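Just so we're on the same page, the numbering used here is the position in the sequence shown counted from 1, plus 15.
Rather than coming from a laboratory, the hints here were simulated on the basis of the structure.
These figures come from a predicted structure and were not determined experimentally.
Just to be clear, a hint being listed does not mean it is correct.
When the alpha-carbon atoms are kept at most 20 Å apart in a straight line, the in silico DMTMM-like pairs for lysine to aspartate or glutamate are as follows [unchecked claim]: (1) Lys223 to Glu190; (2) Lys193 to Asp220; (3) Lys163 to Glu131; (4) Lys132 to Glu156; (5) Lys122 to Glu94; (6) Lys132 to Glu94; (7) Lys193 to Glu156.
Computed spacing ranges between beta-carbons, pair by pair [unchecked claim]: (8) Gly137 to Asn238: 37 to 45 Å; (9) Arg86 to Gly224: 37 to 45 Å; (10) Arg157 to Ala68: 32 to 40 Å; (11) Arg234 to Arg86: 43 to 51 Å; (12) Ser169 to Asp71: 36 to 44 Å; (13) Ser169 to Arg234: 17 to 25 Å.
Note that the Cβ used here is the ideal one computed from N, Cα and C, for glycine as well.
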Amino acid sequence: MNPRTLRIVILVLGAAILVVTGALVRFLVTMDPTTPRNEMDRAFVAAQEAVRANPDDAASRVKLAAALIERGDAGGAEEQARIAVRLDPTDPSTFYVLGLALSAQGKDEAAVAELEKAAQTGGQVAGFYQDAWMALGRAYERSGEESKSIAAMSKALGFGPENVLIIYERGAMYERLKMWVEALDDYAAALEYVPDHKPSREGFDRVKGAHPEAFETLRKLYNEATSTTAPGR
Numbered sequence: 016m017n018p019r020t021l022r023i024v025i026l027v028l029g030a031a032i033l034v035v036t037g038a039l040v041r042f043l044v045t046m047d048p049t050t051p052r053n054e055m056d057r058a059f060v061a062a063q064e065a066v067r068a069n070p071d072d073a074a075s076r077v078k079l080a081a082a083l084i085e086r087g088d089a090g091g092a093e094e095q096a097r098i099a100v101r102l103d104p105t106d107p108s109t110f111y112v113l114g115l116a117l118s119a120q121g122k123d124e125a126a127v128a129e130l131e132k133a134a135q136t137g138g139q140v141a142g143f144y145q146d147a148w149m150a151l152g153r154a155y156e157r158s159g160e161e162s163k164s165i166a167a168m169s170k171a172l173g174f175g176p177e178n179v180l181i182i183y184e185r186g187a188m189y190e191r192l193k194m195w196v197e198a199l200d201d202y203a204a205a206l207e208y209v210p211d212h213k214p215s216r217e218g219f220d221r222v223k224g225a226h227p228e229a230f231e232t233l234r235k236l237y238n239e240a241t242s243t244t245a246p247g248r
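Let's have the full structure, built from the sequences with the hints guiding it.
Have a look at this one:
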């Protein structure tokens, strides 16, 4: 397998809302310290303005909820997300942002229910579902459902098997569960895509050093499957 470029997963919540607002123009002209100064503040103000302009637009509510999560106001985000769900229950991004808001408050069981809806409702692009399944996997883990967490991470990889961040995270999950062969396999797979991915290299070397028998098992499995050299370097 040839090394591939690492794709950084970005939260998919619709189009970016980095717009030049009247407040920004005022700041540039007047240097008013109360005017938003950074992209997060501009996004938040833009989202607020969009909701005021069209309070019945679910997409605007989703963007406002996302901006509130970024600002650390998970409760406010939940309120906006629930409105978005009521406005458009056919859009999976409404369930997704609600699940994220609930997760941010430690309401993991409730988050799981919403993220399951997000992952299983059609209408979005592949990157969205990869993020949704990963968010669901993390919520499962926090709820103590490790097997479901791994299954969700595997589903996420189905929407982009070259995503080293997800491969590594699943490998780390296997390592926490003391599933040494599986952990080594994922760390090795990540290194095949990005040979200089430091966390995967450290994970591979750590597990191989502590559990040489797992490495030998994986070596045999690789040799049986491919008749090539063992994984790792």
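Going through the numbered hints above, which ones does this structure break? Give me the numbers in ascending order.
none
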